[in-house]
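The listed protein sequences correspond, in order, to chains Z and C.
Under my numbering, the first residue of the first sequence carries the number 15, and numbering increases by one thereafter.
Under my numbering, the first residue of the second sequence carries the number 15, and numbering increases by one thereafter.
Hints are supplied without guarantee of correctness; some may be wrong.
Each pair may be met inside one copy or between any two copies, as identical chains are not told apart.
[What the hints assert, rightly or not] Simulated crosslink set (DSS-like; lysine-lysine; CA at most 25 Å straight-line):
| id | residue 1 | residue 2 |
| --- | --- | --- |
| 1 | Lys-97 | Lys-41 |
| 2 | Lys-44 | Lys-98 |
| 3 | Lys-44 | Lys-99 |
Everything labelled a hint here was simulated from the structure, so no lab data went into it.
None of the values given here were measured: they were computed from a predicted structure.
There are 2 protein chains.
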Amino acid sequence: MEYIGYLAAFCTTFAFFPQAIMAIRTKDVKSISLTMYSILCFGISMWLVYGILKADWPLILANLITLLPSLTILYLKVASVVKKK
Amino acid sequence: MEYIGYLAAFCTTFAFFPQAIMAIRTKDVKSISLTMYSILCFGISMWLVYGILKADWPLILANLITLLPSLTILYLKVASVVKKK
Chain Z
15 MEYIGYLAAF CTTFAFFPQA IMAIRTKDVK SISLTMYSIL CFGISMWLVY GILKADWPLI
75 LANLITLLPS LTILYLKVAS VVKKK
Chain C
15 MEYIGYLAAF CTTFAFFPQA IMAIRTKDVK SISLTMYSIL CFGISMWLVY GILKADWPLI
75 LANLITLLPS LTILYLKVAS VVKKK
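Work out the full structure, taking the sequences as your base and the hints as a guide.
Structure follows, in structure tokens:
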């Protein structure tokens, strides 16, 4: 049963990398929601704070890894919105 | 401290709704990664199975809610890829 948890954690942690790579390569972030990635990055950061407060290393590690591509996508989206103005 | 956990859970659970709404409204899913949402939906489903096996209701509920917009985005992306062929 634990393996299902590890598999789930692995998938939801690394799922954002393909989107970050695609956004970096194509520079096309038009159909990506700024609201989603703002809320998501804030939420992941809160999980990180929660993990640090609880000294829960798997939680800290998983959210640090997920934060990387999510912040990249958020940055590219904000940059494209700023450029339009 | 628990409030940080609830806030984090709320954000990462509901973050996908704005993207699903945007995709439904604009029908533009071009810059959305099919790979990301395939892995993500699989991962969320694994969390759901894990939650059911552990009878962990918060885990079941959170992932059921997250699965809804994620599957919607995946469906719209697959539909747009199929249409192109």
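Hint check:
Taking CA atoms no more than 25 Å apart as the test, Lys-97 paired with Lys-41 passes in both settings, with 12 Å inside one copy and 23 Å between copies. In this homomeric assembly, Lys-44 and Lys-98 come within 25 Å of each other (Cα to Cα) both inside a single copy, at 11 Å, and across copies, at 19 Å. Taking the shortest alpha-carbon separations for Lys-44 and Lys-99, both the intra-copy value of 14 Å and the inter-copy value of 22 Å come in at or below 25 Å.
Of the numbered hints stated above, none is contradicted by the structure.
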